[in-house]
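Work out the full structure: start from the sequences and follow the hints.
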Amino acid sequence: MPSLDADAAAHPKEPAGYLPVNDVPRDRGTPTISPEERARIEKELTAARDRQASAASGTRDR
2 MPSLDADAAA HPKEPAGYLP VNDVPRDRGT PTISPEERAR IEKELTAARD RQASAASGTR
62 DR
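For what it's worth, this note's numbering labels the leading residue of the sequence shown as 2, then goes sequentially.
Bear in mind the hints are in silico, worked out from the structure with no lab data behind them. Hints may be right or wrong, so weigh each one.
[Stated by the list, open to error] Derived Cβ-Cβ restraints for the label pairs, each shown as a range: (1) Leu46 to Glu15: 42 to 48 Å; (2) Arg52 to Pro26: 35 to 41 Å; (3) Val22 to Glu45: 32 to 38 Å; (4) Gly59 to Glu15: 56 to 62 Å; (5) Ala9 to Glu38: 50 to 56 Å; (6) Ser55 to Ile34: 26 to 32 Å; (7) Ala54 to Asn23: 38 to 44 Å; (8) Pro26 to Thr47: 26 to 32 Å; (9) Ala9 to Ala48: 55 to 61 Å; (10) Ala9 to Thr33: 43 to 49 Å; (11) Arg27 to Ala49: 31 to 37 Å; (12) Glu37 to Ala9: 54 to 60 Å; (13) Glu38 to Gly59: 27 to 33 Å; (14) Arg50 to Asp28: 27 to 33 Å.
None of the values given here were measured: they were computed from a predicted structure. For glycine and all other residues, C-beta sits at the position ideal for the given N, C-alpha and C.
Next comes the structure, spelled out in structure tokens:
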């Protein structure tokens, strides 16, 4: 059986700080953002995506 070097690191006595698979935080009592705020953000992101797509297609034709 091979022996370890004198300067080899020992295994930690306690496991790493990872959570067990089923140990998850509780659900929030209130949503992080309201449905109206979410709809507004989605609308802004969709508009930005459409602007970028039209700008990219405009430079491709040149």
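Exercise for the section: Look at the Cβ atoms of Ala54 and Asn23 and judge whether their distance stays inside 38 to 44 Å. Expected result: holds, 42 Å
Handout entry: Beta-carbon spacing of Val22 to Glu45 - inside the hinted bounds 32 to 38 Å or not
Key = Holds: the Cβ-Cβ distance is about 36 Å, inside 32 to 38 Å.
Exercise for the section: Determine whether the Cβ-Cβ distance between Pro26 and Thr47 falls within the hinted range of 26 to 32 Å. Expected result: Holds: the Cβ-Cβ distance is about 31 Å, inside 26 to 32 Å.
Problem - Cβ separation of Arg52 and Pro26, checked against the hinted range 35 to 41 Å - result: holds, 37 Å
Problem - Consistency of beta-carbon spacing, Gly59 to Glu38, with hint 27 to 33 Å - result: holds, 32 Å
Handout entry: Consistency of beta-carbon spacing, Glu38 to Ala9, with hint 50 to 56 Å
Key = For Glu38 against Ala9, whose Cβ atoms are near 54 Å apart, the range 50 to 56 Å holds.
Exercise for the section: Just tell me: holds or violated, for the beta carbon distance of Ala9 and Ala48 against 55 to 61 Å? Expected result: Holds, at about 58 Å.
Practice task
For the range 43 to 49 Å, tell me whether the beta carbons of Ala9 and Thr33 fit it or not.
Solution key: Holds - the Cβ-Cβ distance for Ala9 and Thr33, about 46 Å, lies within 43 to 49 Å.
Practice task
Given the range 54 to 60 Å, decide if the beta-carbon distance of Glu37 to Ala9 lies inside it.
Solution key: holds, 59 Å
Handout entry: Cβ separation of Arg50 and Asp28, checked against the hinted range 27 to 33 Å
Key = holds, 31 Å
Problem - Pairwise beta carbon distance, Leu46 to Glu15, judged against the given window 42 to 48 Å - result: holds, 44 Å
Problem - Outcome for the supplied range 26 to 32 Å, where the beta carbon pair is Ser55 and Ile34 - result: Holds, since Ser55 and Ile34 (Cβ atoms, about 28 Å apart) stay within the stated range.
Hint check: no violations occur; every hint is consistent with the structure.
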